[in-house]
Every structure is written in structure tokens, then in C-alpha cells.
Amino acid sequence: MKFLSYIKIFVPICFISLTGCMQSLDNLKMSKNNSINIDKDTNGIVALKEVFDSSVKKIPTLTAVGYAVVSSQPGRSQAQKRLMAIRSARMSAMRELAEQIHGIQVDSNTTIIDLMVQNDTFRAVVKGIIRGAKTVRINPTSDDTYETVLEIDRDMMMALLKNARRT
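For the sequence shown, the working numbering begins at 1 and goes up steadily by one.
FYI, nobody ran anything at the bench for these hints, they're computed from the structure. There's no promise every hint is true.
To be verified - Here are the simulated BS3-like cross-link-like pairs (lysine-lysine), alpha carbons at most 27 Å apart as the crow flies:
#1 Lys-162 x Lys-127
#2 Lys-134 x Lys-162
#3 Lys-162 x Lys-81
Work out the full structure, taking the sequences as your base and the hints as a guide.
Here is the structure:
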């Protein structure tokens with residue numbers, strides 16, 4: 001009997017949630033001036049909509065910042081650890097640029113038992129090609145941390161997007 005009362009509550013909540021999702025997808029397709037749409041070829045993944053038209057001038061220069069801690073780097077000397085921290089901070093900034101240009105894929109899994117969350121996990125994956133990133137600055141932000149700032153200008157970003165669209 002207790003199980004049936006849970007079902008009576010849980011099923012309407014599911015329908016309401018799904019209705020909200022369907023309305024959100026409809027909003028993505030609502031106007032031609034929208035910058036995103038649902039791309040049927042990528043199984044519903046949201047993709048950039050024809051950025052190669054007159055909206056090209058709206059694409060800004062992208063900037064990304066990466067940080068790394070010196071003491072956690074492998075190396076025999078302090079100078080070697082500093083160099084590794086600078087490289088690690090650069091890679092972190094590259095990953096951030098890839099997120100901005102190509103997006104991030106998030107996979108999640110939630111286990112619910114007796115209407116209580118038992119396990120909630122998620123995984124984020126960034127995948128993309130970054131070319132032409134210019135190093136703006138490399139600064140020590142403290143005795144043990146480095147910051148690297150990278151940027152990609154509009155022309156290079158257009159080339160990356162054209163290449164990503166072909167594949």
C-alpha cells in the first residue's frame with residue numbers, strides 16, 4: 001500500500017519534469033536569430049547555428065586562465081618544478097579554451113531508492129582542437145602558484161569552428 005502512494009506522487013512529478021524539458025527544447029528553436037539550435041545529425045546535442053553568416057563580427061576574442069601549484073609538480077629541483085607548473089597552468093588554460101569553443105560533454109547517473117538519492121555521480125569530458133592560442137602572460141600569483149593567460153582571436157576561432165564542422 002505504501003508503494004502505491006509513492007507511485008501516485010512520483011508519476012505526476014515525472015510528467016511535469018518532462019513537460020518542462022520539452023518546453024526548454026522548443027525555446028531553443030523558436031527564432032531564426034537564435035544562436036543555437038538542435039542539430040539532428042548529432043543526436044540532439046546542442047550545436048552552434050551557422051556562425052559563418054553575418055554574425056561573424058559578433059564573435060569575440062576568447063581568453064582563458066589556467067593555474068598550477070609548484071609544490072605538487074614532479075621534478076628534481078625547484079626550478080624544474082616551476083617550469084612544470086607553468087606548463088601545467090598552460091594546459092589548464094588550453095582546456096578552458098576548448099570548453100569555450102567546443103563545449104563540454106557531461107554524463108551523469110543518479111540512483112534513487114525509496115525516493116532518496118543514494119548515489120549521484122557525474123563526469124565531464126572536454127574534446128577539441130586548439131590552434132593559434134597566444135600566451136598573453138605568465139605570472140606567479142603567490143610563492144607556490146602560477147597563472148597563465150591565453151587568448152584566441154576571432155579569425156583563428158573561425159578557422160577552428162570551420163574545421164570542427166567538417167569533422
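>> Does Lys-127 sit within 27 Å of Lys-162, going by the straight-line distance between their CA atoms?
In response: holds (16 Å)
>> Next pair to validate is Lys-162 with Lys-81; report whether the Cα-Cα distance is within 27 Å.
In response: violated (38 Å)
> Does Lys-134 pair with Lys-162 here, judged by a C-alpha cut-off of 27 Å?
Replying inline: holds (20 Å)
When each numbered hint is compared with the structure, a violation occurs for hint 3 only.
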